[in-house]
Amino acid sequence: MSAIEGLETAHHHADEHDHHHEAQSFWQKYVFCEDHKVIAKQYLITGILWAVIGITMSVIFRIQLGLPDSNLSWLKPVLGGWISDAGKLDPNFYLALVTMHGTIMVFFVLTAGLSGTFSNFLIPLQVGARDMASGFMNMLSYWFFFLASVIMFASLFLQQGPAAGGWVIYPPLSALPQAHPGSGMGMTLWLASMAFFIVSQLLGGINYITTVINLRTRGMSFDRLPLTIWSFLITAVLGLISFPVLLSSVLLLIFDRHFGTSFYLSDIYINGEALPNVGGSPILFQHLFWFLGHPEVYIVLLPALGITSEVIATNSRKPIFGYRAMIASMLGIAFLAFIVWAHHMFVTGMNPFLGSVFMFLTLIIAVPSAVKGFNYITTLWKGNIVFTPGMLFSIGLVSLFVSGGLTGIILGNSALDIQLHDTYFVVAHFHLVMGAASAFGLFAGVYHWFPKMFGRMMNTSLGQAHFWMTFLGIYMVFIPMHYVGIAGFPRRYYQFTSYDFTHKFMDMNMFISIAAIFTFLAQFIFLWNFFYSIFKGRKAPQNPWRSNTLEWTAPIVPGHGNWEGEIPAVYRWSYDYSKPGAKEDFIPQNIPYSQTPESNFPHENELIATEKVIESQNFNDQFKTHH
Amino acid sequence: MYIIIALVALVFIVLTGVVISRLQGVLKSINKTDSDEIETSGNKFNGAMFIVTLLLGAVTITWSYLHAREFFLPEASSVHGRRTDDLFWFSMGILTIPFILVNFLVFFFAWKYQHKKNHRATFYPENHKLELIWTIIPAIVMALLVFTGWKAWSDITAEAPRDAEVIEITGKQFNWIARYGGVDNNKLGDYNYKLIDAQNEVGIDLSDENSFDDFTNPSEMHIPVGRPVLLKIRARDVLHSVFIPHMRVKMDAVPGMPTKFWFVPDKTTADMRAETGNPKFDYEIACTEVCGQGHFSMKMRLIVDDEATYKKWVSEQATFLSTYPEYLAKVPENLKAKAMKYVPAEAAAPKADSSATAAGGAGASSSLR
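In order, the protein sequence lines correspond to chains A and B. Read in order, the letters of the first sequence correspond to residues 1 to 627 in the numbering used here. Read in order, the letters of the second sequence correspond to residues 1 to 369 in the numbering used here.
Just chain A, same shape as in the assembly:
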């Protein structure tokens, strides 16, 4: 109810602006702003800050794993009591680092930072809308995310440390404060933060879906939508269906922790005490968690693939190969994403028959993924490729996506998962396919749309250097990590000295750590390039990549409402690159076929007749309805 009221007041606001054109205050313009472009930047900057924190954590535990003899006393000023007097990392804090690294990177960086930034920024600009369907909900979405961020950040400073049961927070460990220091206040804050985070995702997701369905401009039919928008739409649907399940699992865990219920607890004896809880099932939590957790992988990955599709097509100067097959494979992946969750649970004691079913469903996902991979390759084939930093990261993404995805076929095989489950093989697999690939999508998007966001260019050479160091660094980290996993090294181990079977690969682990530090340092090139270019970058031209999509028809720095005057109409799909006969090697979406008789195909000439109809439509301009 309150949301609807808010929506109305938001409209009033918009009205007032249009009529009086009063200057917005600083707070309205930059903080509690309802403009999708500002919200996108807020998401991006917050995501970057989180990424710095999350990746720094991984470097600290990589030092612990790869250089176990090193003296970490130099970290004492930051980590204080978590470093012992002998300069060793506290084992409890090690687990907290691993947990927070996972949580931050998956949710705060690759979900909010990637999808939040680009869905917000690109959906209105690429479908041709003045703004999101509800600017107010959009603003709420960011500020719920901000609240979640503040709570999660605060938990880092607890004396007992933040949550530490792994990012999957399996109960009973996460439910019992007496089981681990990280399961006390740290876990309480983790759960509270995630609850707000989910609210933020839902507010955002509803907005993305509504905007794509309702606010497309004249002529922007679904089969003319850029693949970016398709991917954001599918991602939002995935999130809308799966995040509520995580919310319910989180709520039940809160009940178990604070109100004495037994959803996940049964038959527990801990610290000299038999708990009264009976009848609950820890496996129930895992089912609920992974019902989100697996679609989450695609929530993270699909936007990256969408961005890549757009960037690869633009910079290969070729239409994306198999536009419809790309949409179909995304839909296929999204559907399958919901029915494969239990492949994370093959060895939890789940009924083995269920394991067989989930193995079958899991391996099917390889088929649409393969289609996507081959379509990208064919798009490169006979292209005229310009290696902009965005393009490099997109090409890198294809390589990482395929290399990392292939080992998923091993892990999806329940018989092979017995040995490899919870080893470094898994860690290497998902970091390549989900972590690095999505991060590359994020980088590709930032490099590609930076000119539209800030009206300036990022430095190309620094971007290229950043790409090569990151790309090689990622492979140097994760290829050897597969080896460590095949040797059976379990993940989330503080050190490998306790077992004979892990008394090897000391040099390999050291190499991984050094490569990780190297890759980490390379990211500072990006940070510098990003922040420097915001203020001092070369001024961007109107359409720096000579791209077809609608956002490049807007002013270089689009103001409130994105386009001055009419919103452009759309007459063609967004991939008319290097069309035979055309003067230029690109024809933007807003150019009617009647203006390009030299390059039209016969069936396109027939479409000229419909242009009048498209032009006369005008039902989606939010500004128009108010005037």
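Simulated from the structure, these hints should not be mistaken for lab results. Treat the hints with care, since some could be wrong.
Unchecked claim - Simulated pairs of lysine-lysine, DSBU-like, Cα-Cα distance not exceeding 30 angstroms: (1) Lys-44/B to Lys-536/A; (2) Lys-382/A to Lys-37/A; (3) Lys-116/B to Lys-583/A; (4) Lys-583/A to Lys-112/B; (5) Lys-539/A to Lys-311/B.
These figures come from a predicted structure and were not determined experimentally.
Dock chain B against the given chain A, drawing on the hints supplied.
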């Protein structure tokens, strides 16, 4: 060691500097020719880098694979383990083909089709036949992998044979406890988590006569070679996971939900010591589900004996009741006579008050909660 690291770091930094300065130079010269044309700074360099990466990647991955191979999948010591190992390498072999193919094509095309002035890309938006080909081929390969995997999985997870040696393993923070069916009847007695106390660590229920001859061991597990062993897996506090790397065994231990895993070990510890040439070789049981501070060191020794040695070892073990005769008080009156068999004569007489108070204490505290 630190010198090496410092050197490597130095090399990286110098390389970075070189790359940036060279690219910067290229960019400046491009900037001068201000035109409408697409900006293609560093295109040659980046195209070449793809080929360099391709070659360098092929060499280093091959070399590192050969170098690391000696530590891969430690020698399997169970029947199903060798099967899953074969399946693993078979699958990896198949998957290497698309790995090489895709990465080759991506890198090669990137280099081959880099931007050329006055050149037009080929307008090639779709080809249904191609789409069909790369839908069907992966589908067939997946079907093959699913089929082989499914067969192995259903054999491994089938019901354990009746003659399997049943051993219970319970995880707690932070060690494993093995419980055996006993010196005589080879049947595990009942348990109840509410009966757990400092001595009775796995909650043996002494009102079940099968439990009278049960014995436990918190540091090592012995199993016989050459016949099925069925592990009944439990957890006392939080999730744990039984991982026996050499046996290719892994199964979670879940509080409130007993799980199981059966396998046939076919190499004794002595065999493996001879085979690996390591006289100190031992099988190990580890935990692979994060369970708290001591997760990384939840180790139990596993000893695979030949049948005779195993039988002898079992018969020599002290039953729980003989170690803690005071628990005789928990045995129902009608079964006392049976239980007395497993209790040393001198300990049977005095009644133990300590256990009664301990149990009462536990009960009281749980009811307080």
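Hints and how they fare:
1. Lys-44/B to Lys-536/A: holds (27 angstroms)
2. Lys-382/A to Lys-37/A: It is violated: about 36 angstroms lies between the C-alpha atoms, which goes past 30 angstroms.
3. Lys-116/B to Lys-583/A: holds (17 angstroms)
4. Lys-583/A to Lys-112/B: Judged against 30 angstroms, a Cα distance of about 24 angstroms means the pair holds.
5. Lys-539/A to Lys-311/B: At roughly 83 angstroms apart (the allowed maximum being 30 angstroms), Lys-311/B and Lys-539/A break the hint.
Going through the hint list in order, the structure does not satisfy hints 2 and 5.
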